[in-house]
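In the order they appear, the protein sequences are chains A and B.
All letters in the first sequence, in the order written, are residues 16 to 363 by the working numbering.
All letters in the second sequence, in the order written, are residues 16 to 363 by the working numbering.
Where hints are given, some of them may not hold.
A pair holds if it fits inside one copy or across any two, identical chains being indistinguishable in the list.
[As the list claims (entries may be wrong)] The calculated EDC-like cross-link candidates involving lysine to aspartate or glutamate, where the alpha carbons are at most 20 angstroms apart (straight line), are: (1) K140 x E257; (2) K259 x D337; (3) K173 x D308; (4) K354 x E196; (5) K140 x D328; (6) K338 x D77; (7) K338 x D255; (8) K259 x E322; (9) K140 x D87; (10) K338 x E257; (11) K173 x D320; (12) K140 x E250; (13) K140 x D337; (14) K173 x D337; (15) K354 x D213; (16) K173 x E232; (17) K259 x D308; (18) K259 x D77; (19) K259 x D342; (20) K354 x D330.
Since the hints were derived computationally from the structure, they do not count as laboratory data.
Since this is a predicted model, take the numbers as computed values, not measurements.
Protein chains: 2
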Amino acid sequence: MDHPRISRRRLLQGAGALAATSGLGWNATLAQGTPIASPFPSDSDTPLSLWADGTVRTALIDFVTATTTEGDPSYLDPAERIAVFDNDGTLWCENPLYVQLVFAMEQVHALFGQHPEWASEEPFKSAVEGDADSLLAQGDYATLTVMNLSYAGLSPDKYIAIVADWLATATHPTFGVPYPELVYTPMVQLLDYLRAHDYQTWIVSGGGVEFIRALSEPAYDIPLNQIVGSTIETEFSVQDGEPKLTRIDQVDFIANGPGKPVGISHSIGRRPALAFGNSDGDYQMLQYTTAGDGPRLGLLLHHDDAEREFAYDRDSIIGRLDKGLDDAAAHGWHIVSMKNDFVEVFGS
Amino acid sequence: MDHPRISRRRLLQGAGALAATSGLGWNATLAQGTPIASPFPSDSDTPLSLWADGTVRTALIDFVTATTTEGDPSYLDPAERIAVFDNDGTLWCENPLYVQLVFAMEQVHALFGQHPEWASEEPFKSAVEGDADSLLAQGDYATLTVMNLSYAGLSPDKYIAIVADWLATATHPTFGVPYPELVYTPMVQLLDYLRAHDYQTWIVSGGGVEFIRALSEPAYDIPLNQIVGSTIETEFSVQDGEPKLTRIDQVDFIANGPGKPVGISHSIGRRPALAFGNSDGDYQMLQYTTAGDGPRLGLLLHHDDAEREFAYDRDSIIGRLDKGLDDAAAHGWHIVSMKNDFVEVFGS
Chain A
16 MDHPRISRRR LLQGAGALAA TSGLGWNATL AQGTPIASPF PSDSDTPLSL WADGTVRTAL
76 IDFVTATTTE GDPSYLDPAE RIAVFDNDGT LWCENPLYVQ LVFAMEQVHA LFGQHPEWAS
136 EEPFKSAVEG DADSLLAQGD YATLTVMNLS YAGLSPDKYI AIVADWLATA THPTFGVPYP
196 ELVYTPMVQL LDYLRAHDYQ TWIVSGGGVE FIRALSEPAY DIPLNQIVGS TIETEFSVQD
256 GEPKLTRIDQ VDFIANGPGK PVGISHSIGR RPALAFGNSD GDYQMLQYTT AGDGPRLGLL
316 LHHDDAEREF AYDRDSIIGR LDKGLDDAAA HGWHIVSMKN DFVEVFGS
Chain B
16 MDHPRISRRR LLQGAGALAA TSGLGWNATL AQGTPIASPF PSDSDTPLSL WADGTVRTAL
76 IDFVTATTTE GDPSYLDPAE RIAVFDNDGT LWCENPLYVQ LVFAMEQVHA LFGQHPEWAS
136 EEPFKSAVEG DADSLLAQGD YATLTVMNLS YAGLSPDKYI AIVADWLATA THPTFGVPYP
196 ELVYTPMVQL LDYLRAHDYQ TWIVSGGGVE FIRALSEPAY DIPLNQIVGS TIETEFSVQD
256 GEPKLTRIDQ VDFIANGPGK PVGISHSIGR RPALAFGNSD GDYQMLQYTT AGDGPRLGLL
316 LHHDDAEREF AYDRDSIIGR LDKGLDDAAA HGWHIVSMKN DFVEVFGS
C-alpha cells in the first residue's frame, strides 16, 4: 500500500550519520532533524483511515470524541488526557526477538573479550552463546538485565547515538528491512489522532528508556521526556573539569508488569485515560488504567496475522498474551485483531 | 505591593476541602480547579516587571529573546527549551526549615505510637524529639529519609491529598501565613515568561515528587509530570479485585546534588538550557546544564534579604550556598540577589 510517510530508514540514517560526525549530541541532532510531515488526512475527512471499520475503530473514535467534547458527560480536562502505549509488539514488531535484545546480544558478543566471567555467568552466558531461547526461558528479569546492561560505561548520549546508528543499518531477519520500518502505521496514525485531540502520548515499556529515545521522536513523534522505560543506574562525575553522566552496570528500575503502573505513578503522576498493550506484561498497566473512575479505555493488540506479520499469543515466549485474552471481556478491554482491524501493518 | 494573583491560600483551601469530601482523587480535583489567570502584563509591555532593572533581569530577557528568535545564532528549537528549577529556596521559602520537613516531623510525631523503634533509631529519633538541628546535622540522606518516608503505607493519591490539606492550614512560624503564600512571585513570573516563549518548565528537587505534586499546579502552573523529585519505593498490588499503588518504607531515588543531573537524564532525556537553584545541592545541576554546547544559563538565588525574607548562605544548614558562591564567576553563573533583584518577594 502506498504511504507517503517520510522513509524512516532515510531519516534514521541521516540522523545517525550526523550524530556520528558532528560535535553535537544526538539529542540536538534529533531536535534539529526534519520534522515528519503528517501523512494522514485531517480528522474531519477520515479519522483513523488505516483502521478497518468495526468495533475497535468505532470505540477509539467514540472515546476520543466523547472525552474531548465539552458538555459531554465523559469530557476530560486536557491535563487528564493521558494515553500510554507499550512499545514492543504494540507500536513496532517484536518478533522473532525484541529489537533491543537483538542489539544487546550483538553487543554482549562483541564485549565478551572484556568480560570473561560471562562465559559462566547467566544470564550473560546464554547471550554470549547467542542462545535467545535459553535466555528468554530465564524470565523477564534475566532478559531485561541483558537488554538494559549492555554498553554500561558509556554516557547516555553516546549510547543513544550507537543505538541510532545500529537501527539505521541492522535488518530484520524475515522482512529484510531496518527495524524502524517495522513500526505499525495504524498505531502511528492513532498517536497522531490522539495528539490532535490534545492527548499526551506516552510510551511505557520494559525496554530501556535510552534505547527507545533513539527512535521515539522520528518514529512516533513522542518526545524524549514522555517515555517511561527501564533504567540502569547512572552516575554523575566530574573528569578534568567536565561533568559527565555514565551508565553503570546495575539495573535501576524495570518497567514491566507491575512496574508499569509504578513507573506511571512516579513519572506521570496521573492515572491514564487510555492504555494500549499487547502482552501479559501490559496487564497491570491496563488494569490500573481502566479501574479508575470516569472514562477509561483499555486495548490489547492480538498478533493474529501470520500473513502480514506473525501469529502468536498464549504459547509465545516473546509477547505472551494469555491471561489478557482470558480476562479482557471481564475488564471491558478491547482485543484488537491485527488481521482484521489494521488496514495495513507497515507503511510499505 | 498590590498583586492581582488569585489567592493561593483560598485556592488550596478550596481544593483541599474538595479532595477531602468528594470521591474524586486529588489529581482530578486539581485538574478541575479554577485556572489561575495570568496576573502579569503581556511581554511586549513590561517583561519581568517584578524583577529590578539590572544585570540579572537583562540576562534573563536577553537569553530568552536570543534563544527564541529565529535566525539568531543562539536560536533553540522548542524541543530544546528546557528550564529546570530547584523548589525549596528557589521557588518558595525554605527557612527556618524545609516545608516538607516541617510536615514530616509532625507526621513522625503523630505516627510514633506505631513505631516504638523510632525512640532509639536515627534519623527518626531526632524527628520524634522535634530536634531539627540534630536531624539536619546527620546530613542530606538522613534528612531526606525522614522527609520522604513519612506516611509510607498510603497510596500516592491519598498522600498528596493529605499534604494538600496540611498546606492549606499549617502556617509559617515567622510569617504566620500558609506556606503556599510564600512562593516567590518574581520566580512565578519568570516561569510564566519562559512558558510564554515555549520553554518547558520543570522542577528538579530533593523533595519528594508527591509532596511537590500537592502544590505544583496551583502554585506554579507546572504539571504533575514535569517534576523530577525524590521517590520512595511504590508497590502495585490487587486487593479484592482492586488494583492499588502503595508507598512503601524504602527510599528509591534522591534527587539532590549529583542526583539532579541523573534525574534529569532519566526523566527529561535532554540537557536543560537554563537551570536555576539556590544552594550547593543545585551545584551539579547547574554544572551539567552550563557545560553543554550552545546557549546555556545558570543562576543561583542568594538569600541576602533579612528584611523581607531571610539572609543566609555559607554557614546555613538549610540551603547552604558556599561552593556555589565561590565558583559562580568561573562557571559564568549569575548570583541573583533577592534584596536587589526582586521588586517584591511574596505576593502580599
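Against the structure, the hints come out as follows:
{"no.": "1", "hint": "K140 x E257", "verdict": "neither (36 angstroms within a copy, 40 angstroms between copies)"}
{"no.": "2", "hint": "K259 x D337", "verdict": "neither (44 angstroms within a copy, 22 angstroms between copies)"}
{"no.": "3", "hint": "K173 x D308", "verdict": "between (43 angstroms within a copy, 15 angstroms between copies)"}
{"no.": "4", "hint": "K354 x E196", "verdict": "within (19 angstroms within a copy, 58 angstroms between copies)"}
{"no.": "5", "hint": "K140 x D328", "verdict": "neither (28 angstroms within a copy, 54 angstroms between copies)"}
{"no.": "6", "hint": "K338 x D77", "verdict": "neither (27 angstroms within a copy, 57 angstroms between copies)"}
{"no.": "7", "hint": "K338 x D255", "verdict": "between (53 angstroms within a copy, 18 angstroms between copies)"}
{"no.": "8", "hint": "K259 x E322", "verdict": "neither (48 angstroms within a copy, 40 angstroms between copies)"}
{"no.": "9", "hint": "K140 x D87", "verdict": "neither (57 angstroms within a copy, 53 angstroms between copies)"}
{"no.": "10", "hint": "K338 x E257", "verdict": "between (50 angstroms within a copy, 17 angstroms between copies)"}
{"no.": "11", "hint": "K173 x D320", "verdict": "neither (37 angstroms within a copy, 44 angstroms between copies)"}
{"no.": "12", "hint": "K140 x E250", "verdict": "neither (26 angstroms within a copy, 31 angstroms between copies)"}
{"no.": "13", "hint": "K140 x D337", "verdict": "neither (29 angstroms within a copy, 50 angstroms between copies)"}
{"no.": "14", "hint": "K173 x D337", "verdict": "neither (38 angstroms within a copy, 33 angstroms between copies)"}
{"no.": "15", "hint": "K354 x D213", "verdict": "neither (29 angstroms within a copy, 42 angstroms between copies)"}
{"no.": "16", "hint": "K173 x E232", "verdict": "within (17 angstroms within a copy, 35 angstroms between copies)"}
{"no.": "17", "hint": "K259 x D308", "verdict": "between (44 angstroms within a copy, 14 angstroms between copies)"}
{"no.": "18", "hint": "K259 x D77", "verdict": "neither (48 angstroms within a copy, 28 angstroms between copies)"}
{"no.": "19", "hint": "K259 x D342", "verdict": "between (47 angstroms within a copy, 18 angstroms between copies)"}
{"no.": "20", "hint": "K354 x D330", "verdict": "within (19 angstroms within a copy, 68 angstroms between copies)"}
Violated hints for the displayed structure, listed by number in ascending order: 1, 2, 5, 6, 8, 9, 11, 12, 13, 14, 15 and 18.
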